[in-house]
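Colleague: Line by line, the protein sequences are chains A and B.
Numbering follows full-length UniProt numbering, in which position 109 of the first sequence is assigned residue number 109; successive positions increment by one, without gaps.
Numbering follows full-length UniProt numbering, in which position 104 of the second sequence is assigned residue number 104; successive positions increment by one, without gaps.
Possibly wrong hints are sitting among the right ones.
Here are the simulated SDA-like cross-link-like pairs (lysine to any residue), alpha carbons at most 25 Å apart as the crow flies [as the list claims (entries may be wrong)]:
1) B:5 <-> A:61
2) B:41 <-> A:89
3) B:5 <-> A:127
4) B:5 <-> A:62
5) A:170 <-> B:19
6) B:40 <-> A:96
7) A:46 <-> B:45
8) B:5 <-> A:131
9) A:46 <-> B:5
10) A:46 <-> B:77
11) B:40 <-> A:109
12) A:170 <-> B:5
13) A:170 <-> B:110
14) A:46 <-> B:178
15) B:40 <-> A:90
16) A:46 <-> B:10
17) B:41 <-> A:119
18) B:5 <-> A:153
19) B:5 <-> A:116
20) B:110 <-> A:83
21) B:110 <-> A:62
Distance windows between CB atoms, simulated [said to hold, decoys possible]:
22) A:86 <-> B:113: 31 to 37 Å
23) A:74 <-> B:86: 24 to 30 Å
24) A:74 <-> B:18: 31 to 37 Å
25) A:119 <-> B:179: 37 to 43 Å
26) A:32 <-> B:7: 54 to 60 Å
Keep in mind that the hints were calculated from the coordinates and are not lab data.
Remember, it's a predicted structure, so these values are computed and weren't measured experimentally.
Glycine included, every Cβ here is placed at the ideal spot set by N, Cα and C.
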Amino acid sequence: MIRLLSLCWLLLLPLSAQAAIDAYEFSSEQNEERFQQLTGELRCPKCQNQNIADSDAPLAADLRREVHRMVEAGESDNSIIDFMVTRYGEFVLYRPRLNETTWLLWYGPFVLLGIGALVIVLISRNRRQRQVAASASATSEGSRQNGYQPSEGLSPEEAERLNQLLQRDKDQ
Amino acid sequence: MNNRKLFAFVPLAVFIVLGIFLWRGLSIDPTELPSELADKKRPIPAFELPSLIEPEKTLTPADLKGEVALLNVWATWCPTCKEEHGFLNRLARDEGITIYGINYKDEPGKAREWLRRYLNPYQKVVLDQDGTLGLDMGVYGAPETYVLDAEGRVRYRHVGAVDAQVWETLQQVMQKVRTEAAG
Chain A
1 MIRLLSLCWL LLLPLSAQAA IDAYEFSSEQ NEERFQQLTG ELRCPKCQNQ
51 NIADSDAPLA ADLRREVHRM VEAGESDNSI IDFMVTRYGE FVLYRPRLNE
101 TTWLLWYGPF VLLGIGALVI VLISRNRRQR QVAASASATS EGSRQNGYQP
151 SEGLSPEEAE RLNQLLQRDK DQ
Chain B
1 MNNRKLFAFV PLAVFIVLGI FLWRGLSIDP TELPSELADK KRPIPAFELP
51 SLIEPEKTLT PADLKGEVAL LNVWATWCPT CKEEHGFLNR LARDEGITIY
101 GINYKDEPGK AREWLRRYLN PYQKVVLDQD GTLGLDMGVY GAPETYVLDA
151 EGRVRYRHVG AVDAQVWETL QQVMQKVRTE AAG
């Protein structure tokens, strides 16, 4: 029974032993972290929609090797990213840099949010004004001789005529 | 009242704008990458690598200067390179085009055997066994073919096999570069 159990246990082992594609030695934990972050953020030019950490393409392996070399050589993140961009273009950046062409990409959502907020403010203000106007005309109804204020879009003559018609209805 | 009417056209306007973007998207090939070298007319990055054909000789970017030429990145492991090889041979033989080669991440023995068997269209072949030159040039898949001007600057890059149709484009670029240099 124990033998059977241990055999079953052995079956489980290979599942947890999935090795990474390549093993790199790092001189410090910080370097390893930077390597992970950079390879996670750089896009593989060959197998698009994968970062170079994830990709199995030979080119991605070359790029990982270069990133490892530069991280260990103590180069800054910026110079490593520059290295990639001068070779493969802005395309390789999963986090695009802020410049004229990416301005819309970075700030567009906030602009849209602002437009949305503006529309909401305008609509609610418009509605409130209409409510105030409606209640004002309702309270002044009794005290006014002419119950109807000339409304928008009517010329003075038309307003006069409308009031006469309303007056006639009231008299009947 | 008028504002109301205008609002009715908002969905139509949105639809038209979306339509323009999506329509444009249809004609964009996302696998085609712009070449930094060609876009900025940069010279071939510095290298010092052995020649495939004469292993004792060292080649540098200066060896690729002098005339408007094609630079072809190839390898024996690349099936598309085999496909285009005949066409390159014809260009070199019949059209008298100067073609340089970069043997990219390959085994030199196999590469020499390949040139013996399928003929050699290249005037010089740089042996880039580790792919360092390829990396510096932004090569992302063999075959790639570059147009170089007489100063050794990159003017155009094509990714994929060179055939009659691609050659038409390459020829136009080469012609343009030549007249530019003359004028």
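Colleague: For a C-alpha distance cap of 25 Å, please report whether residue 5 of chain B and residue 116 of chain A respect it.
Modeller: holds (20 Å)
Colleague: Residue 170 of chain A and residue 110 of chain B were given as a pair; does the straight-line alpha-carbon distance stay at or below 25 Å?
Modeller: This hinted pair is violated, its Cα atoms lying about 107 Å apart.
Colleague: For a C-alpha distance cap of 25 Å, please report whether residue 110 of chain B and residue 62 of chain A respect it.
Modeller: holds (22 Å)
Colleague: Does residue 10 of chain B sit within 25 Å of residue 46 of chain A, going by the straight-line distance between their CA atoms?
Modeller: The hint is violated at about 41 Å.
Colleague: Going straight from one Cα to the other, do residue 46 of chain A and residue 77 of chain B come out at no more than 25 Å?
Modeller: Holds - the C-alpha atoms of residue 77 of chain B and residue 46 of chain A are around 16 Å apart, at most 25 Å.
Colleague: Can you tell me whether the CB distance of residue 32 of chain A to residue 7 of chain B sits inside 54 to 60 Å?
Modeller: With Cβ atoms ~56 Å apart, the hint holds.
Colleague: Measure nothing beyond the straight line between the CA atoms of residue 46 of chain A and residue 178 of chain B; if it is 25 Å or shorter, mark the hint as holding.
Modeller: violated (32 Å)
Colleague: For the pair supplied as a hint, residue 170 of chain A and residue 5 of chain B, is the alpha-carbon distance within the 25 Å limit?
Modeller: Given pair residue 170 of chain A, residue 5 of chain B is violated - Cα atoms ~35 Å apart, limit 25 Å.
Colleague: Starting from the range 31 to 37 Å, see whether the pair residue 74 of chain A and residue 18 of chain B falls in it by beta-carbon distance.
Modeller: violated (48 Å)
Colleague: Quickly compare the C-alpha distance for residue 41 of chain B and residue 119 of chain A to 25 Å and report which way the hint goes.
Modeller: Violated: residue 41 of chain B and residue 119 of chain A sit about 48 Å apart, past 25 Å.
Colleague: Between residue 5 of chain B and residue 127 of chain A, is the straight-line Cα distance small enough, at 25 Å or below?
Modeller: holds (18 Å)
Colleague: Is the Cα-Cα distance between residue 46 of chain A and residue 5 of chain B 25 Å or less?
Modeller: violated (50 Å)
In the structure shown, a violation is registered for the earlier hints numbered 1, 4, 5, 9, 11, 12, 13, 14, 16, 17, 20, 23, 24, 25, in ascending order.
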